[in-house]
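Novice: Chain by chain, the residues run as shown.
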Amino acid sequence: MPKISLTRRSLLAASGAVAASGLSGFTVPARAAGLEPTKSMRGGANNYLSGAPIVDRIGGGGFWMSGTVRRAGDGAPLAGQRIQIWAHTTEGYESDWESHGATLTDENGVYRLEMPQIVPAFGQAHGHLAYDSGDFETVFLRPVMKSSKDTSLEANFVLKPV
Amino acid sequence: MQSKTRTKLIWIAFFVVITAPIIAAAFSPLLAWRDSIYIIAGFAGIFAMALLLTQPLLIGGYLPSISARKNRQFHKWFGALLVTMVFIHVLFLWFTSPPDVIDVLLFRSPTPFSLWGVIAMWAVFLMGLMVAFRKRLRMPLRLWQRTHLALAIVTVIGSVVHAYLIEGTMEMLTKIIISLSVLAATAKVIADRVQQKG
Chain A
1 MPKISLTRRS LLAASGAVAA SGLSGFTVPA RAAGLEPTKS MRGGANNYLS GAPIVDRIGG
61 GGFWMSGTVR RAGDGAPLAG QRIQIWAHTT EGYESDWESH GATLTDENGV YRLEMPQIVP
121 AFGQAHGHLA YDSGDFETVF LRPVMKSSKD TSLEANFVLK PV
Chain B
1 MQSKTRTKLI WIAFFVVITA PIIAAAFSPL LAWRDSIYII AGFAGIFAMA LLLTQPLLIG
61 GYLPSISARK NRQFHKWFGA LLVTMVFIHV LFLWFTSPPD VIDVLLFRSP TPFSLWGVIA
121 MWAVFLMGLM VAFRKRLRMP LRLWQRTHLA LAIVTVIGSV VHAYLIEGTM EMLTKIIISL
181 SVLAATAKVI ADRVQQKG
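Chain order of the listed sequences is A and B. Residues 1 to 162 (the numbering used here) make up the first sequence, in order. Residues 1 to 198 (the numbering used here) make up the second sequence, in order.
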């Protein structure tokens, strides 16, 4: 029997994953034992430009985008995964090349990238994220900030192997 | 004398309610991070909101010292202007971010307010078409008026919810005041219409 260690960290991570996978976690309780992959959000791919470079920071920074990347099923953290980020910020439009940047997850499957402050565009302060490296199914996210005054935003990925 | 004062007050109140949202939006911090196309798109929407208040006030004859004939004339002109403003609003948003507007028009946008907006847009365009082809449609007057009013109600409700849910350049207090005024003026037109029939 596999040993299950319940720490505060793993509980937090698991609850985060449930939140990230949205309602799907509640509608298919029979398969809840395996972590469901994150579905792309509506409008997530809007103004996406492929192949943004891996950068230390997008523009002048001041705002933090972060989250976790894990494997569907067992929830194992995925290291070295490329996540691309873009948004309408104080420095540019979503469609501007300079608004795009990418980063890699660390050994714990955590990514974190500094970028300019996101400002409301098309009625909501929101960011865009993509996993599109091909080892797992492509996912586009479009998280919305609770308040446009927030200086950080979180988006978690659960990826399904291709 | 008293009625003159009343007339003046009504006109002042009207101008304050329609211009305040435009002036307040001109001070929005969001403008700093938008180019002129996007800014025009937003202001076309706010201007359309001002017209949404003007329209029921004209047709209901609630603005003092305008003849019934002039009321209908202005109502028609401002209706054409409203169609134009909605068109500019959507077109310039499309210039700003085509995929977002395509999602909205195809009813697959993640933002609920855009759904209300697009419903209001189609209602406005339908009203415009009805007016343009009024003679050819040959609809009985009563039916034409009822259809026009029904579409106007859809436009008003759609626009008010659309504006309320958006975090944009409009300032909240002026947005709420003009929205409530639009709803009240429309409700008054409906009430008068019902009373006429009774």
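Keep in mind the hints are simulated off the structure, nothing from the lab. Using N, Cα and C, we set each Cβ at its ideal position, and we do this for glycine too. One should not assume that every hint holds.
[Stated by the list, open to error] With a cut-off of at most 16 Å between alpha-carbon atoms, the simulated EDC-like pairs for lysine to aspartate or glutamate come out as follows:
hint : chain 1 : residue 1 : chain 2 : residue 2
1    : A       : K160      : A       : E137
2    : A       : K160      : A       : D132
3    : A       : K39       : A       : D132
4    : A       : K160      : A       : D135
5    : A       : K146      : B       : D35
6    : A       : K149      : B       : E167
[Unchecked claim] Output of the computed footprint for chain B on chain A, the stretches with three or more beta carbons under 8 Å from beta carbons of chain B:
hint : stretch
7    : 80 to 90
8    : 122 to 132
Novice: Which of the numbered hints are not met once you compare them with the structure shown?
Specialist: Structure breaks hint 5 only.
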